[in-house]
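Chains as they are written, first to last, in the working numbering: chain B, 1 to 379; chain V, 380 to 773.
These are calculated hints, taken from the structure and not from any lab test. Quick reminder that beta carbons are idealized off the backbone N, C-alpha and C, glycines included. Each hint should be verified, as a subset may be incorrect.
No more than 27 Å apart at the CA atoms, straight line, and that leaves these computed lysine-lysine pairs for DSSO-like [claimed, not checked]:
| no. | chain 1 | residue 1 | chain 2 | residue 2 |
| --- | --- | --- | --- | --- |
| 1 | B | K268 | V | K765 |
| 2 | B | K190 | B | K109 |
| 3 | V | K712 | V | K627 |
| 4 | V | K445 | V | K494 |
| 5 | V | K445 | B | K265 |
| 6 | B | K332 | V | K494 |
| 7 | V | K712 | B | K332 |
| 8 | V | K765 | B | K265 |
So, partial list: chain V residues that the calculated Cβ filter (under 8 Å) puts toward chain B [to be verified]:
| no. | residue |
| --- | --- |
| 9 | G611 |
| 10 | L630 |
| 11 | A681 |
| 12 | E733 |
| 13 | G736 |
| 14 | V763 |
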Amino acid sequence: MPLYYDDDQTMLADTAAQFMGEEGAIAKQLRHWRDKGCKDGFGHALWKQMAEMGFTGILVPEADGGMGMGNVEAGIVLEEIGRNLTPSPFLTSSVMAATALGLGSDDLKGRYLPGLLAGDSVFAVAIDEGPKHNPDRIACKAEKSGNGFKLTGKKDFVVQGASADMIVVAARTAGSDDDAEGVTLFAVPKDAAGVGHNSVRLVDSSMASHVTFDAVELDGDAVIGEVDGGRDVLNRVLDAGRVGAAAEGVGVARGSMDMTIDYLKQRKQFGRLIGEFQALQHRAAHLYSEVEIARAVVIKAQQLLDAGAENASLMASVAKAKVGKAAGLAVKEGVQMHGGIGMTDEYDIGLYMKRDRALAEFMGDVYYHAGRVAEMSGY
Amino acid sequence: MSDLDQFRSETRAWLEANCPAEMREPVREDADIYWGGRNATFKNDAQKAWFEVCRDKGYTVPAWPKEYGGAGLSPAEAKVLREEMARIHARAPLQSFGIWMLGPALLHFGTEVQKQRFLNEIARGEIRWCQGYSEPGSGSDLVSLQTFGEDKGDHWVVNGQKIWTSYADKADWIFCLVRTDKNDKYRGITFMLFDMTSPGVSTKPILLISGNSPFCETFFDDVKVPKEYADGIPAQVGEVNRGWDVAKYLLGHEREMISGAGDTERGAGIGAMLTRAAGGVLDPVLRAELAMFDVDALAYSAMGEKFLDEIKVGKAHPAQPNMMKYAGTELNKRRNELIMAAGGSAALEWDSEESNGGSKARSWLRTKANSIEGGTSEVMLNVVAKRILELPGA
Numbered sequence: 001m002p003l004y005y006d007d008d009q010t011m012l013a014d015t016a017a018q019f020m021g022e023e024g025a026i027a028k029q030l031r032h033w034r035d036k037g038c039k040d041g042f043g044h045a046l047w048k049q050m051a052e053m054g055f056t057g058i059l060v061p062e063a064d065g066g067m068g069m070g071n072v073e074a075g076i077v078l079e080e081i082g083r084n085l086t087p088s089p090f091l092t093s094s095v096m097a098a099t100a101l102g103l104g105s106d107d108l109k110g111r112y113l114p115g116l117l118a119g120d121s122v123f124a125v126a127i128d129e130g131p132k133h134n135p136d137r138i139a140c141k142a143e144k145s146g147n148g149f150k151l152t153g154k155k156d157f158v159v160q161g162a163s164a165d166m167i168v169v170a171a172r173t174a175g176s177d178d179d180a181e182g183v184t185l186f187a188v189p190k191d192a193a194g195v196g197h198n199s200v201r202l203v204d205s206s207m208a209s210h211v212t213f214d215a216v217e218l219d220g221d222a223v224i225g226e227v228d229g230g231r232d233v234l235n236r237v238l239d240a241g242r243v244g245a246a247a248e249g250v251g252v253a254r255g256s257m258d259m260t261i262d263y264l265k266q267r268k269q270f271g272r273l274i275g276e277f278q279a280l281q282h283r284a285a286h287l288y289s290e291v292e293i294a295r296a297v298v299i300k301a302q303q304l305l306d307a308g309a310e311n312a313s314l315m316a317s318v319a320k321a322k323v324g325k326a327a328g329l330a331v332k333e334g335v336q337m338h339g340g341i342g343m344t345d346e347y348d349i350g351l352y353m354k355r356d357r358a359l360a361e362f363m364g365d366v367y368y369h370a371g372r373v374a375e376m377s378g379y
Numbered sequence: 380m381s382d383l384d385q386f387r388s389e390t391r392a393w394l395e396a397n398c399p400a401e402m403r404e405p406v407r408e409d410a411d412i413y414w415g416g417r418n419a420t421f422k423n424d425a426q427k428a429w430f431e432v433c434r435d436k437g438y439t440v441p442a443w444p445k446e447y448g449g450a451g452l453s454p455a456e457a458k459v460l461r462e463e464m465a466r467i468h469a470r471a472p473l474q475s476f477g478i479w480m481l482g483p484a485l486l487h488f489g490t491e492v493q494k495q496r497f498l499n500e501i502a503r504g505e506i507r508w509c510q511g512y513s514e515p516g517s518g519s520d521l522v523s524l525q526t527f528g529e530d531k532g533d534h535w536v537v538n539g540q541k542i543w544t545s546y547a548d549k550a551d552w553i554f555c556l557v558r559t560d561k562n563d564k565y566r567g568i569t570f571m572l573f574d575m576t577s578p579g580v581s582t583k584p585i586l587l588i589s590g591n592s593p594f595c596e597t598f599f600d601d602v603k604v605p606k607e608y609a610d611g612i613p614a615q616v617g618e619v620n621r622g623w624d625v626a627k628y629l630l631g632h633e634r635e636m637i638s639g640a641g642d643t644e645r646g647a648g649i650g651a652m653l654t655r656a657a658g659g660v661l662d663p664v665l666r667a668e669l670a671m672f673d674v675d676a677l678a679y680s681a682m683g684e685k686f687l688d689e690i691k692v693g694k695a696h697p698a699q700p701n702m703m704k705y706a707g708t709e710l711n712k713r714r715n716e717l718i719m720a721a722g723g724s725a726a727l728e729w730d731s732e733e734s735n736g737g738s739k740a741r742s743w744l745r746t747k748a749n750s751i752e753g754g755t756s757e758v759m760l761n762v763v764a765k766r767i768l769e770l771p772g773a
């Protein structure tokens, strides 16, 4: 499969670019909700519009009423979300939770997918149990209780957790904390008794929860996939999340870079456009090269994931790490090259830096994924 | 089964039957590479057999048309062949500047008779070529070149000096940039082809920091270059005084080649290999650097694939090879720094049998030229800044 978009994908990219550029623009969404102090950190009306566009069900099979597309297409939408810093539950709901539900029972699909397709529901994913991503260690416990389970423990960095109608939770049903096996995924409904949220605003003005589960009773139907055999489902959710976050990161990088290059062409100092200075030209060209390479490996990882290829998980980590490096460079160079104005809240470039920081941590940072690349390569 | 799947299984079977085991080993020394030419010798029977069977099938230049010595493969088929060869670690049957650089320029700019003669000779490995571009005063600023060809009616008389002419001392012919009009910087250069045994041509190797000498200085002292060879074959490619167009086109191919974009194996991680080589004990900080390098290398490999895919359908920006060259050569230098670091004192050995004649140290030194030859990294960044990002200034 060639590493560029086919005609349908190009059309989707144009549509997504236009939609996010207009409806999801920074002033209309991110700044608007931030300045209002919105408790969700995003607008439900936009989520509804995204549903009308068909975006929310992009990874949901056609048989279930969705678009039946893949990670390449989800990435197209995510790149535009990144470029416009559009706050939305797309990554957690339409990519990660949808991937989990796709591997779940018909009952679960019937219960949750219609809400997602209509843009009425928002889902979150609870994996991390500390400030750094480490999905190999799952301590949160779900003990068998009657026909169901009793869930106890805590989860951190649950993005939009308090706004979510359902949280996909990775919990331990057997073995010890560091075991690969013995993990089960659950769909925990919002109104389950014993679920507590300490919802906090993050640097990029998105909302995330420290979630506590105090003997939360779940019936057997809440299980996604196999009891004790949830690691495989979890890995697929993680890979979709990694590649999705990487795609959004490419959008952040490109948005930031475009803004910076434009600025270099307008800003005058010492009687010249600063873009004429070779010191800045070389840095800009280096940045371009890093962002292009990052974009290439993201498309590669998306295609491998959609093809179910053996090395998809390796390339998902390569993609997340490479984007972490490239987008980090893009936002830092962006602020620096903007000079003093780049430090002001009024100017958007700083917003890119904040979003990049949050996205860099989400689903594992550069170091986590570079380490994973080393381990998967046998060193 | 699709036609491409069919082609893949046929190719796999063909390679299995025809590629000798000795040709599936990594290249260890210069003699492992077959360059062809009038004075070529084979290192062993396997190298000869592998070259001949590929030549007869058109696999020295698989994507060239059959009438010019190629196999006429489609881009997709050529990719399959590359992948299948990479799968068994097959060596290239023939390496040549004729294949990488002159060939593409002739395919694009050559006359029919020119193509018939030279492309077939290149494909059959009969003539070894070198490239005469750089001059002592014209490296990155190539267009300032001074070698002059005086028009004498039916021939030119060429005088001047070239430098960094790779393997000029071993080449049979040269493709050379010669100024034929002193009044126009760009439109005064002619792209000429002539025999290195012509009277007045001499070469002198340049010893490099790696201790090896692929490069030469090449001198032209009243060299007579006919304007037309037998059978009406012009000595110049493209029009007289329009050689810059050819040179630019060809530089794109050179940069693509130096960047290693076409090498499907290049992106494979080195971390595991180096950890094994070091007996499993690597400093944790070095291990971390290797992991970060592998991330960049694997990502670059995807970029190489994307770049080739986009070139095939005309989607790549014309200045994209500059970006690939920049990123690829910087990466290759980093790779060799890490190989030296992981190798420790063993990698320092300059001429021992154990170190295979100092191959690591010599390669490391050699790669320092990657970001200089074919246009420096700084020139590549200038081109990207101006042509892709469209930043202002001269």
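Hints versus structure:
1. B/K268 <-> V/K765: holds, 18 Å
2. B/K190 <-> B/K109: holds, 16 Å
3. V/K712 <-> V/K627: holds, 25 Å
4. V/K445 <-> V/K494: Given that 27 Å is the threshold and the Cα spacing comes to 12 Å, the pair holds.
5. V/K445 <-> B/K265: This hinted pair is violated, its Cα atoms lying about 50 Å apart.
6. B/K332 <-> V/K494: The given pair, whose Cα atoms are some 51 Å apart, is violated under the 27 Å limit.
7. V/K712 <-> B/K332: holds, 25 Å
8. V/K765 <-> B/K265: Holds: V/K765 and B/K265 sit about 11 Å apart, inside 27 Å.
9. G611: violated, 41 Å
10. L630: Constraint on V/L630 not satisfied, violated at 17 Å.
11. A681: With Cβ-Cβ at 4 Å, under 8 Å, it holds.
12. E733: violated, 23 Å
13. G736: violated, 27 Å
14. V763: holds, 4 Å
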